[in-house]
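Engineer: The primary structure of each chain is shown beneath.
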Amino acid sequence: MKAATGVLAAVLLALFATGAFAHKPSDSYLAISVEGTDVRGQWDIALRDLDFAIGVDDNGDGNITWGEVKAHQAEIAAYALARLKLRSGGADCPVHAIAFLADDHSDGAYSVMRFEGTCKVEADAIEISYSLFADLDPQHKGLLRLEHGGGTRTGIFSPERATQSFELEKISAFTQFFDYAREGVWHIWIGFDHILFLLSLLLPAVLALGGGRWQAVEHFAPAFWDVFKIVTSFTVAHSITLSLAALGVISLPSRLVESAIAASVVLAALNNILPLVHGRRWMVAFFFGLIHGFGFASVLRDLGLPQNALLIALVGFNLGVEGGQLAIVSAFLPIAYWLRATWFYRRLVFIGGSIAIVAVAGTWLVERAFNMKIITP
Amino acid sequence: MSTTRTYIIGTATEALLVLVLASLAIAAHAAPYVPKDDSVVLEHLPTRASDPVARELRQLRNELAANPRNRGAAIRLAERYFALANADGDPRYIGYAEAALRPWWDLSAPPLDALVMRAILKQYSHDFPGAMKDLEAATREDPENARAWSWRAAIDMVQANYDRARKDCLALNDIESDLYSVGCLAYLDGTTGKAAVAYRALSEAFARSSEVPPEVKVWVLTRLAEMSQRMGNVKQAEEHFRAAYFEPINDQFLLGAYSDFLLDQGRPDEVIPLLADWFKSDILLLRLAIAERILKAPKAAEHIEALRSRFEAAALRGDKLHQQEEARFNLYLLGNKEKALALAQENWRLQREPRDARILLEAALAMKDPAAAQDALDWLERSGNEDPLIRQTAQKLMALKR
Chain A
64 MKAATGVLAA VLLALFATGA FAHKPSDSYL AISVEGTDVR GQWDIALRDL
114 DFAIGVDDNG DGNITWGEVK AHQAEIAAYA LARLKLRSGG ADCPVHAIAF
164 LADDHSDGAY SVMRFEGTCK VEADAIEISY SLFADLDPQH KGLLRLEHGG
214 GTRTGIFSPE RATQSFELEK ISAFTQFFDY AREGVWHIWI GFDHILFLLS
264 LLLPAVLALG GGRWQAVEHF APAFWDVFKI VTSFTVAHSI TLSLAALGVI
314 SLPSRLVESA IAASVVLAAL NNILPLVHGR RWMVAFFFGL IHGFGFASVL
364 RDLGLPQNAL LIALVGFNLG VEGGQLAIVS AFLPIAYWLR ATWFYRRLVF
414 IGGSIAIVAV AGTWLVERAF NMKIITP
Chain B
351 MSTTRTYIIG TATEALLVLV LASLAIAAHA APYVPKDDSV VLEHLPTRAS
401 DPVARELRQL RNELAANPRN RGAAIRLAER YFALANADGD PRYIGYAEAA
451 LRPWWDLSAP PLDALVMRAI LKQYSHDFPG AMKDLEAATR EDPENARAWS
501 WRAAIDMVQA NYDRARKDCL ALNDIESDLY SVGCLAYLDG TTGKAAVAYR
551 ALSEAFARSS EVPPEVKVWV LTRLAEMSQR MGNVKQAEEH FRAAYFEPIN
601 DQFLLGAYSD FLLDQGRPDE VIPLLADWFK SDILLLRLAI AERILKAPKA
651 AEHIEALRSR FEAAALRGDK LHQQEEARFN LYLLGNKEKA LALAQENWRL
701 QREPRDARIL LEAALAMKDP AAAQDALDWL ERSGNEDPLI RQTAQKLMAL
751 KR
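Going down the list, the protein sequences come from chains A and B. Note that this note's numbering has the first sequence beginning at 64, numbered continuously upward. Note that this note's numbering has the second sequence beginning at 351, numbered continuously upward.
Simulated from the structure, these hints should not be mistaken for laboratory data. Fair warning: this is a prediction, and the values are worked out from it, not measured in the lab. Heads up, some of the hints might be wrong.
Derived lysine-lysine pairs resembling DSSO-like cross-links, with alpha carbons at most 30 Å apart [as the list claims (entries may be wrong)]:
1) Lys567/B with Lys630/B
2) Lys148/A with Lys670/B
3) Lys133/A with Lys630/B
The following block holds chain B by itself, in its conformation from the complex (with noise of 0.2 Å):
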């Protein structure tokens, strides 16, 4: 008895030892503190003064703060920023952009640069309806602008306006190069229910194009790749992916989508050395922490509580950005079907992909309510997209129905 009760007595001590020590460490950094010393480093910015990056912009935020209205580098600035958001998906840069283009942020008719400029500014922030109507505007005005036919499509393809985007391409068509143009209409039909026509159209466009950019190589095997998938080519998308992957640039969409590819196809062990370095992005780390759940990685908890207090800072600010990648945590992370389901609801009415419908559906099945994801059954039924996952999904949603 007595070893006994010494022995719960000294566990007992040792737990409340181990968590005085624990809890000290954690009080340390739960407030507002004074750093021990001027050497103590607080932040990392993403570029050094000297970088020449860094010179450029300052060069042209210099040549624009002399003159506010010199259009020309005002454009160049906005270009440049909106790079680096899509190279980083660093929002501020979009910010910062803007803020480059106010003198003609309000007129109601804008030079066509800086009309054109706005709206690709504007879909960032998902205001579509804003940007769709700038682009019309351009598009009146120069109808070879090619630019603007581009982003047209982009936009009607996220709100699954297919005949819209259809005429978008062929306009894109008569003015534009093969691939860009092919591309552009392989992406329509792949999505549509074409997959085989666009694969074959897309992959024959490629091996016709030389000097093709690192970026749109790693854009053309992602698509050729979710084509296979639809096409229901396992091995052969995968050796897109792959593809794509060794191509000597950083693309967090194509890292996005061969994550998701390496968990439907149960292999989460091998998304965890892909997305390592990743933990800045919200979109990587959501499929980060999901590989580790199934895991049962020792991160994982860290991971989700990182995701939690990011979709929680979002949601302080108003933002509805990531209401997809949120619906997805809310799924599969946290368990919370009902919130899940209302965010991929809500998702739907911005955004309508396939991956959109697939979170929307899934979510439905996991709730049981297949009258909560009638919008992406009739989208599957009238889009006819082929995905495999997509189209289970919808079944097992329709069984319930009966």
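Pulled out of the complex, with its shape left as it was, chain A reads as follows (with noise of 0.2 Å):
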């Protein structure tokens, strides 16, 4: 009977907590590229399960430093590439390890490897063979994510599934183009801020500051020509930093881009409150449209840039962008001119609606930022 009590224990236990898993299972995480017949691709492992397989913890002090990992590049490579085989067209794709680096994930630090390599033949398919860690943890699972021609697919492999077979379809330049001028559409309409920094700045463009308060224009040319003025810097501005992002010569913390889209947005409505800047609201357009830019270009890399169509994929962004764009402002400059000299437009539509835009950044603007602890003292 004693000897029966340990096992019960367990027993009863179990009656308490079945199959409750406490923590994460073991993933990896593998991200490919195929364009042509070039592959690359970035493979997330984790370091509890390197250690697991062929030891990486040498001094035995269960603790894993860069410089154990370092000492053991080589072998993880020679591991874990030996457990992924790609082929196409019934010919091998051989991939060898080009950099090494470290990444955190919500269960613990990961190895990260970046390999590339280059298919003998070129093929509508790819079949992806994976069996890491198979043999040493049939629960754990491989999560891949493939990229071809700017679509994405994801798949995951575990003992049952080992081999996978994910076929690379043609796109043509046309339904690429004309999918990223759509996306470029949506974005505009569902991107508040871009919206509501548009119409801070444009709210104005019916009224003119005489003698230190806001009057209703005479004419509709002037507020066209102030609105044409203001939407084309700000389209010059942001086609230019989206332009050099898109294309990795400049890249910024999307944290800090968020912030600072939101602080834009602010500072514009403010200007309508406060009066600072008047004359000039398209330079202003022009400089907060730089950092709109950045915006849009994070988006566009969410989507996944084609390398082999880049140029397309960025023109059809952009042109889809202002496009959307146009359409806000057409519906807006009618209304606002007819409404112009109104008590409605000039003191709930202008100021009642700044003070709300100025509001509702305002709290993107903390949300973004940290922490909500940052602004208030």
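Once you've looked at the hints, go ahead and assemble the two chains, each given alone in its own frame, into the complex.
Structural biologist: Right, here's the structure in full:
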């Protein structure tokens, strides 16, 4: 009976705890991009798993240092790449490691290995065989992100599904252009921060500052030209940074960009309530347009930029953004011009609207910044 | 006017500066990086090479590597890994145990010990039908196999097959000592509307037993606490929870049940010190974040974000092991009632314990959709479970029907 006690203790606990995973199981993250016969990839493998498989903690102190990982780089590459086979058109696509880094995922530190290679044949499908840790931990899974021609697919590898084939579709340039243009329009429509920024600058276009007070403009022409200058300079500015960022010439942390965009909306709307800049609002539009361009670029990056059709995607997306913007402006201007002399427009829409924009964008600013606590003293 | 301007410009500049610094701090870890020098510690392993546990595991692994068909070593290793998985909730150990059993994993009729071990590992990954098939084969082969009968009871309880669970417990009755067979039946009765009877039986058997290992004490005390809750005796429940908590072992399932009790009693402030060191455990982090959200504690946002990324990682993997927790996360921390209800419904297909019924009823109530929780309402009727909070929620749902 004594022997059974230990066993049954575990059983009683099981009556309580059936199958409750409290931690994340073992996964690796495999990103592969295929363009023509070129294959490039990044493979994130948990250090815990690597230590279990090949032993990385050389001094046995229970801590894995970067030095220990570096000392095992060749071994990690050989071990992992022997368990990943890529084939295209019946022929191998041999790959080799080109860089080693580290990264943190939600469950701990990972070794990051970048690799590249060339397929012997360009085919309309790629076959991937994945057997990492299949012999050590059958619960392990490989999570694949496969990129090709601007499209992304995902797959899950497990010992039961160790070999999978992915079709590589050819996408026409026209479809690609149209897809990116649609994304551009869509982003302007759902990107309230861009719309609010533009509106903050456009609201005073049908008014003129005279004797310290806002007056309705007399004619449509000056209002139109004011709007024209603002929209054009905003467009030129964000096209510049969008292109530079998309081409990888400049890159800024996205949290900084998103926060600065929110700040630009706050400042533009504040300027309506307490005017600092009036005559040269197009310059404000240009300056902050540069920042908004980085925002568009991050969307474009998330969509995935096809290396073989970079220009098509960039121009398509940018034209989509302009189209969406133009639709908003052409709806706004006639109505604003029509209402410009009313109390409703001058107090409620202009001042009230600006205050509301400051409030909304101010909240974004705080949210997007590091923590709510920053701005409150 | 000019002071106002200066103020606005000054504040804006300051805000931007802070933003830049904050963003740089975040950007530092947003992507793969090269650590700044070799001595940077990237990961802490759960065991050191010199730990007795690690040494024992290494020895068993070596033994098995020399002869993978050495069943004795394979089962011993699988047992050790299974115990580790239960202690820290790390499912990697289940994978390692499965690997040890590989020569027997796909056999239609493996030897008895391998068969039972395989069933235990299968149920851990929620393959209940597969596990039950193995356990039925095991009890056919050896009707006196207490372990196989206990696991049958465990699975039947999770799936709310109460008639079958009673047979399993009765089979255990003939072969096992008092506390374990009484414990089995008391767990069943306590869940199915006879909490008072079950409470008396279990506390008496507990009082008669000597040399009860701490993990069994924790199990019994937690059960007694739950039964007390169902009987509406909050004070008694708390006494049992506290007694279990002061046993010299960590048990995250006790901590989970105790935290839920404190949350139900409107005492979130006591949950925080209880769970402060359990960031790594998803199920406990959920309770911690709920308490922090109620108290508007500064860490709430960070913990909610961590949970979100863990659930996303599980979804990426295609795991459906956490749906009950994910439903609670969606309902109470994200306010996403629709998703919470869908998850609670899907979870119910697999797991039918009182807490699974509870989240289904609560999510359906939030969506004002009593029909969506019909299965849980039927379960409550059939089981006769007495939990006052579950009954209250069910009544509110029934009122919506009319």
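Engineer: Compare the structure with each hint and give your call.
Structural biologist: Here's how the hints hold up against the structure:
1. Lys567/B with Lys630/B: holds (25 Å)
2. Lys148/A with Lys670/B: Measuring from Cα to Cα gives roughly 29 Å; hence the hint holds.
3. Lys133/A with Lys630/B: holds (27 Å)
In terms of the numbered hints stated before, the structure departs from none.
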